[in-house]
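Q: Residue numbers (numbering that gives the first Met the number 0), protein chains in the order written: chain A, 0 to 323; chain B, 0 to 323; chain C, 0 to 328; chain D, 0 to 328.
Calculated from the structure, these hints are not laboratory results.
Treat the hints with caution; some may be incorrect.
What the hints assert, rightly or not - Listed below are several chain C residues computed to face chain B (Cβ distance under 7 Å; list not exhaustive): (1) GLY132; (2) ALA163; (3) ASN165; (4) ALA319; (5) TYR322.
Keep in mind it's a predicted model, so treat the numbers as computed, not measured.
Yeah, the Cβ is synthetic: ideal placement off N, Cα and C, and Gly gets one too.
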Amino acid sequence: MADTRYIRAINKALADAMDADASVVLMGEDIADAGGSFKATRGLLDRFGPARVRDTPISEGAIVGAAVGAALGGLKPVVEIMFMDFVTLAMDALVNQAAKSRFMFGGQASVPMVVRLPHGGGLNAGPQHSQCLEAWFAHIPGLKVLCPATVEDAYSLLRAAIDDPDPVVFVENKALYAMAGDLPEEPARASIGKARIARQGSDVTLVTYGATLFNCLKAADALASDGISAEVVDLRSLQPWDKETVLGSVARTHRAVVAHEAVRSFGVGAEIAAVIGEEGFDDLDAPVGRVGAPFMPVPFARSLESRFIPDAAAIQAAVVASLA
Amino acid sequence: MADTRYIRAINKALADAMDADASVVLMGEDIADAGGSFKATRGLLDRFGPARVRDTPISEGAIVGAAVGAALGGLKPVVEIMFMDFVTLAMDALVNQAAKSRFMFGGQASVPMVVRLPHGGGLNAGPQHSQCLEAWFAHIPGLKVLCPATVEDAYSLLRAAIDDPDPVVFVENKALYAMAGDLPEEPARASIGKARIARQGSDVTLVTYGATLFNCLKAADALASDGISAEVVDLRSLQPWDKETVLGSVARTHRAVVAHEAVRSFGVGAEIAAVIGEEGFDDLDAPVGRVGAPFMPVPFARSLESRFIPDAAAIQAAVVASLA
Amino acid sequence: MNSRTAKKAIGGNSRLLDLHRTMLLIRATETALSKLFADGEIPGFIHLSLGQEAVAAGVCSALGPADTLATTHRGHGHVIARGIDLGGFFKELMGREGGQCKGRSGSMHVADMGLGILGANGIVGASVPLALGSALAHQTRATGGIAVAFFGDGAMAEGALHEALNMAALWSLPMIFVCENNGWSEFSPTARQFRGKLANIAGAFGIRHIHVDGNDAEATADAAREAADHARATGPVVLECMTTRFHGHFEGDPQKYRDSEEMAAMAAGDPVARSRARLIELGMAAADLDAIVSETEARVAAAVEASRADALPDFDATLADVYTPMGAH
Amino acid sequence: MNSRTAKKAIGGNSRLLDLHRTMLLIRATETALSKLFADGEIPGFIHLSLGQEAVAAGVCSALGPADTLATTHRGHGHVIARGIDLGGFFKELMGREGGQCKGRSGSMHVADMGLGILGANGIVGASVPLALGSALAHQTRATGGIAVAFFGDGAMAEGALHEALNMAALWSLPMIFVCENNGWSEFSPTARQFRGKLANIAGAFGIRHIHVDGNDAEATADAAREAADHARATGPVVLECMTTRFHGHFEGDPQKYRDSEEMAAMAAGDPVARSRARLIELGMAAADLDAIVSETEARVAAAVEASRADALPDFDATLADVYTPMGAH
Ligand SMILES: Cc1ncc(C[n+]2csc(CCOP(=O)(O)OP(=O)(O)O)c2C)c(N)n1
Ligand SMILES: Cc1ncc(C[n+]2csc(CCOP(=O)(O)OP(=O)(O)O)c2C)c(N)n1
Ligand SMILES: [Mg+2]
Ligand SMILES: [Mg+2]
């Protein structure tokens, strides 16, 4: 299916997972009748009924807590939190309950659940509807964290997340929902923890994930016309993340820039850069550059938000700096 | 006052701040009559009365949310969250409200409040009472994050936090509460964002904060007897953090190890290491080492927890590796 | 007709005329916003309170200068009724430098500290603990003020409300919990999301509950006065205002989920039409009321024009203002 | 005396004897824990339910094998009444390899999936959404089971409870909300922290509320049976058990905040003494009851000895088990 939209890939992954496994259930605010705020669950109520596609009250904490109990009880809940910013109300359930139950219980049980978290700006949705908080979850032992950029990955990683026995935080960039791409008839099953080399290159490694992948590819195009060959690694999975692929690339290019939409300081890129600096020290001909949002809440005005979100030019500049 | 306990320094800072400024109020569970679970507020109810030292219900979310409203209304609330793990219930209030209000409101108002969060293990308190989650807050524009290690800093940084016009996350390591140290009659006013060189050295820079400072000092002692001179930098403030002092030290030693009790992956140390690798690239003779807890929830059993918390030997080993 | 003549005409019921004027201002503002949004002049998304004007006008009519309020994603009416500068309001929603919040917040976070407006809020339920804290500050500092938490019926499902009801009761805080009950949470009837009865929940905490037709401006103003008196003298009170949301959850929402019957019934309950009819009944001339509408619309149009002409916010200044500048305190 | 003779002696009231035995086991276990803790043999902190045994015994007596429960920091009684292996329990609290949770969890997270125990919990209020989800699983998978959420009176202040009450009512979930009301939240009377009345809060959601003397094992068992029947047939129900906490909030808490009157009154209400007296009234010989105590204490002592002898958990194996091992599912 060429020209499948990202949101449609999510929708299809949910539908196919529900078809394949009767224990998969969906929960979230306005996901049933209304098909979700971003229409990720459109049509699923009709197909699977209200017991498996469940509209919830506006109670994020109890929803995610209930998902943990349901997962321990033999269901595989997939929860939609409308905006990632609202997961602030469900942190106990995710971090103290979901992430730790298997460990705390001595391995007696797994907690197969997925929490879908739309993140990112570009919609002028303002400071409480645009944040990228994935670094929080990557820091929590017991959680897995995925962030697909492409339409195919949106599908295959969501299937992988639902199949996974452990709790998965599944991060989708809202600005990608309308993006169309290729979704093969039989998409490959994705392995959690495997990055993808989205573009091969030899002068510098761009490490990225989510919507920023496309800015990296744009930057790589622009750099190519200046004779700079950038390799682009799409992490896809942030916890665990694919050190081997990243370090392997850096071993060839000797330079790296890590780029994401989240705030730069203490973001996911810090860990990636630290590991490259540590384990790839002898390979590096230049400091690892980092591109991320500046240290401010996501501003509302178009003119502000467009400067806030790291663009291709910023990535290009970081590459140029690393080659200087 | 030589031999003042850490918890007593906290207590005195609260008392002195309340004396100095009538708008300072304390809120938390069992902080009034009972003087707090760790006795940080002992005696303050008698001294300042129930309107300023307020026992709250077990409602972390509403308590911190109310602190934001109170701060906007002219008070300076200092909230005690009994264990840092419970702040998972107050993340919206801290991250979406406290951190962003000044910014969102166009600078019309500041939010002068402090949230005290006891973190860390060593008490065999198990997976939900021992976490070090400070990296989350350091990632949030609008918050300041402090973590004093010494008795004097516990006092002066808490005073600085309460005086600060912006929301401060104040992290105390529970294992330090009983530690005695020197508290000068007139403690110096601390500046938020300034590190302290806790021990001078020339071969390697150990960057740390909180209780791990003492393991770094121990490691430095042990290293000294092997002829290795380690400089120890106590960050004290994690957001903002003192890049200049850290980079200045690395420029002299050419080697760095960052150590903390929090889980290593995606921890505070990642940002520090990334920045050293970026801005101190030419100064470095070896990769920046990182020491932190392994990627698992804090285990309960003594035998497990003692291996979980990074000790002086682990720090020493990282230094030795960096000198190899 | 000047306002003195108007007041005379309605036999001294100047309060209703004031309420009506406030509602007209909200109506004109949001009608203009609806158009601006459709035209792409407003970024992001906006939630209009068209149909709910009487709640805003009525509740805010009971507040004094020391009082504070915190509101929701659907907060335009409240901040307008509280007297926010119309220019600053439009500039904010249009992302301009001169916006009340310098273009950083947009519709969902408009605030005016000078008027005691602790912000609209993007988080359902979050207004309640904020107002609780504000009430605590009023009580502790003995300002004589009260705090108002506006929240929607959907927000009743958030734990924050229940935590706050308990704390307000426990501490006898000077606070009004205003539930703006429009029957809808986004695209679903709240009845399908919330099984509790607010009157009984309040009662379980020993908190007085006042129920009012929130499309009747005078009744709402009376109830709000009663609630405010209670809050000031005694402690917390819940004021539940039954009202109707005319537009979709956000602008652009076609509301296919609402049946034609409900849509038709809306017009009958229109709070603005009702206060207009009542004023005419009291002797005011339709032409005079029309003139107020025209004046109001002109005011709004001027504010829109000024917003269009305003500069865009400066990025570097914005970045420099995340924390309180040194020396500012 | 063997149990057949004992049952005969009490005229067929074997249920009370079973409850009594369960309570004795909890009592003996926690009495041993108290001593072990004082002796430094138990790391961390522990919250004992001495004085609350009848709630555990009574509620769990009403549960079938498919049923599930989630409990609190004060959950020893519940897991023992549910039948947790005593050896695994002690080994867990003593941080041993053979612990029910391999020494990773300690007192606050003891779990046994085989018995439907979704864990004690270190987070006040967190048991409630967990049980809610478990009830949802029962309903969706038509297991015929019900879920029980144990929570303390202090937990009523957490929003989680109120969110869950609504959802349980909305979805008619097969669930019992068991409030173990001992009057205390840590070091403060709950009356100073919570102004709501649980009966009325439940009522506001249309949820049935059953009130029982939680120090009367038979009454609690009866009420729990009624609640379980209701949960299975109809939907959620709140069971509020009034009880007494004998020891401090945690072991080592000297309870200076409790007056001597209250402390003195405790003995009179002792649920174990009450069931013993009742059994004697029914004709059982004190000596026979003493024999059960001795047997129980011997069982506990043996479990403690076995725990002491058990190995310490392996760190690397623990680290390798944070996620489900590949191929395990
Ligand atoms: C914590 C949180 N959850 C969900 C949302 C998304 N959301 C915005 S408005 C809304 C419905 C609110 O309904 P109600 O409280 O009745 O207010 P109304 O829109 O009717 O004014 C929802 C679910 C949000 N903004 N915040
Ligand atoms: C979220 C959270 N807040 C605070 C605590 C600390 N704490 C542990 S038990 C307790 C009191 C609980 O009282 P109650 O629910 O009545 O249970 P009881 O101890 O009486 O059994 C508190 C405040 C906690 N564990 N979790
Ligand atoms: Mg509504
Ligand atoms: Mg209690």
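Q: Are there hints from earlier that the structure breaks, and if so, what are their numbers?
A: When the structure is compared with the hints, only number 4 turns out to be violated.
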